[in-house]
Structure formats: C-alpha cells, structure tokens
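Sequence lines, in order, name chains L and V.
To convert, note that position 87 of the first sequence is 87 in the numbering used here; the numbers rise steadily by one, no gaps.
To convert, note that position 135 of the second sequence is 1135 in the numbering used here; the numbers rise steadily by one, no gaps.
Hints may be right or wrong, so weigh each one.
To give an idea of the chain L side of the interface with chain V (calculated C-beta under 8 Å), a few residues [what the hints assert, rightly or not]:
1. Lys77
2. Gln92
3. Ile96
4. Arg118
5. Leu122
6. Thr131
7. Thr134
8. Phe142
Simulated from the structure, these hints should not be mistaken for lab results.
Glycine included, each C-beta is placed from N, C-alpha and C at the ideal position.
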Amino acid sequence: MNSRAFSTLQRSSITKLIFQAKPIRIHRGYTASLLNSIRKQQFPPNIKYVHNSPKPVPALSLPEQILKYNKEWAKNKTKADSSYFENMTAVQTPEILWIGCSDSRVCSDVLTGSNFGRVFTLRNVGNSLSTTDTNSLAVIQFAVETLKIKHIVIVGHTFCGAMEAAFKYNSLNGPISDWIKPIADLYNKNKPTIDALPTHKQQNQALSELNVKRNVDIINSLDIIKKTKKSGKELNIHGWIYDIENGSLQDLKVS
Amino acid sequence: MVSIKSFLNVVAIATIFSGVNAAPKCVKRVVDCPRHHLTPQEIQAIIPAGNHTLTEMVLEYNKIWSNDNLSFDPNYFKNFTGGQHPGLTWIGCSDSRVASDTLSETLPGQIFTHRNIANSVSEDDINSLAVLQYTIEDLKVQDIVISGHTYCGGINAAMDAAEFHGPIAKWIKPIADLYEANRAQIDALSPGYERNYALGKLNVKRVVDIVGNLEMVKKAREGGQPVRIHGWMYHMETGLIEDLKVTNE
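Input sequences plus hints: build the corresponding full structure.
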C-alpha cells in the first residue's frame, strides 16, 4: 500500500479510530468470520472516515442549556469570590420592589445589575395591579412589612403585548380577558387621545405610560402603603418606562 | 533594533487603520463574546459620585449598561422590537437573590418570567393563569419551569402561617395546607435549611401538578402542542439549579 494514498489527516484519524475502537475480547470459540462481523460493526464500511469531523451533537433545548450554563456561571462566580453564594444565604435586604412586565425582553435583573440581592421582583402580564389581586398584594405586603423596602418602582415598557391585548380586548377570553380588563377600560377612557397618535408604537407607549400611572395611583391608595407612610417610614413610589428600542429606563415623574 | 514600545505603537496604528475595531454583533452570552462587556461591578464603579438616591443610581446604572451594549452593536436593541420569541416560561420566587435572568445566563428575549411569593400558582389566581394562557396560546412556548429555591421566606411563612394576616396569609394558605399534610415528615428534619428545602420541593411538585392539570394545558396537548412542565430548585448556597425530575409532559 502506498503510504501517500492517505493524507496525514486521514492517517491520523484512522489511527485515532483504531486506538479508540472498543477492545474486542478474544474468547475461545470466536471464529474468524465472527471476528470479521464484529470488526464490520466497529468500522462500518459505508461510513467514510476521511476527515476528523466530530460526531454531531444534538442541539440542547433551552431548559438543558440553562442547566448547563448555570453550572458554569456558579463555577465562575465561586472562582472570583469563594464566599459569594454563602453571603447570599443571609436574610435578604433588598431596597427596591420592581413591579414589571413578564416580557422576556425586559430582564429586570440585568437592567438594574441586581444580582446582589437588591431588587425584590414582581413580574406579571402588563405590570398590572388591582385591589383584588391576592398575588400582587401579597408581594407588596411582604415587601413593605417584612422587608421594609424603601422604593417601589412600577416599570412599563414599549412594544408591550398586554397593551396590544387591550387594543383587541373584545377578542379575548379566559383568565387573560379578566386580567387585561382594567387596561382595556383605561384604553377606552382615553381612546381619542391614544388613537390620534401617528404611529402604532406611540399608541402602545402612550397606553403603557397611562397604565404605569394607574398602577402608581392604585399603590398609593392601598391601606398598607398609607399606614406605612403615616408612620413616618421612608417609602417612595416611582413610575418608569423601559424603551426596548434603546434599552433605557426613563422616570415618568408620576410619583 | 526595534524596541517593543515602537513595535506596539505600529501595531496599534495598524489596528486602528485596518478597521479591526469594528464591533462584532453581540448575540452570544456575555461570557462567550470576544469583546469585554462591562460587568455590574465595573458599571457600579463608573457611576458618577454624587448624592444619588438608590433609584437614581439604578437609572444611572441602566444608562451605562445600555450604552455599553450599543457600543458593540448600534442595532442591539432594535433587534427586540419585532416581538418576543422566548423559549421558556419561568415561574419563580420574587426573592431578590434569585435573579433568574442572571443565574440562567440567558439573553434578553429568551425567558418569559412570572415572579411571585414562593413561586405559587392556584386555579383561582388570574394573575398567574393569565401568564400561562399568554405563554401557551400567544407565545406558543413549550417549556414551563417552576423554580423554587432554598432559604425561601415564603416557605418559612407557610410553616408559621398563624403569624400572618391579610393578602399574604391568603396567598400562602395552599402552602400552609401542604405543610400540615406533611407535617410529621417535615418536622422530623432539622429546623431551618432542611425543613425549608423539603417543603420547598413539595411546593414545586404541587405547582407542577396544578399547572399540568389546567384546562388550557390539556387543550394545547390535545391539539398537538407539546407543553412540558419542569420542576427545579435553585440552591442559593451554591448557585446551582437542581432539576427535581418531576417533569410533567
């Protein structure tokens, strides 16, 4: 056999295959034909081992990806500071309650650099509140009474799907219809002003800002908030809007 | 003989004039990106000194963060204006130490998030049901993760439910009932971490079962849309997520 029949690459990959192939245990009773058939399984003739291509790895699903990346993240954090996570296990002392939208593009932790345990977070569809919703009221009660939080920020955003749902409220049904109703009512009350705006982006943003103002008013009307302010404890309510187009938070000054 | 300094000067000038400075599009995880992204600590250090309130500091932080991203790719944020296509819905705890977007190392746009006290869902809570309905019907997300965590204040509250009144008491009642139903088994463990961890795991399993039995989930599955519900526990003391292997699919 001419040694130049195979390129260096081919030779090295064949060598690799030979040495990586599973060892065949030779027992008594193995005939030559049996050994040959075993060899064919190890090196199936129809597969061309002509270059060192790695075996294709199936793409990970997002949950699998997260589990994998999380391990690396935890390792890197510990390498930089070995007591980083131990320090987290002490009682949490966040100073801000973030009431924002569930939208995947409005990552409250990343926007505010809050992986230091700074921001207690409530995220739901359309960053909405109501005086009958136990879910959000429980978060606010825990934040104000137990964690003694000093700032509550309600953050709306542009291109909000909940505002789109409010625009087409009549086509909704199920839990989301009940949830969006307050925002739909807000839209109906301000329909002429909103519909007069030139672009759809501006209409969405206008309703989002009105919704933030609505939520600030709801919070200010809660008994627990009034009680806390009356007792002299520091508690500030802010309304912000996050512009997805440039990643910036703006204070709407509706406190 | 050419000195190292003058050599480096030549390299610097060559780099500037060759346009190698052109910023690569940043669509990878921050750790994978070849350019250096400012870390939260670096951004904190840049925030101009002054008499800022906490919320003013957050706004300053955000300004620097968004400029950092725009410096890599002026269209970085414009990519998001076309709508969201998340791959996963996260139902987790409001706890400030469980920063789901950071600990999962995902990019904006990947995880649709609902966070409340003790990552709970109940059949009469339109808040969480609206999140799930939007997930399944509009976003067509196939993976839902219910993530509990260790050292959970909501779980501690459920073990001490008599102390609480008002909305919180109502919200944690299902978890308090779960505790009562498993009291012997949980109280046999040492108080503190062990009991919190055990009840936290049972709570995640409870929520996975509730979500799996919702009408909207059954209807989606019957229509051929896969809906997989995973139960995870985030270990705050190590930063690692544990898959509880209670996936409902």
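Results for each hint:
no.: 1; hint: Lys77; verdict: holds (6 Å)
no.: 2; hint: Gln92; verdict: holds (5 Å)
no.: 3; hint: Ile96; verdict: holds (7 Å)
no.: 4; hint: Arg118; verdict: holds (6 Å)
no.: 5; hint: Leu122; verdict: holds (6 Å)
no.: 6; hint: Thr131; verdict: violated (10 Å)
no.: 7; hint: Thr134; verdict: holds (5 Å)
no.: 8; hint: Phe142; verdict: holds (6 Å)
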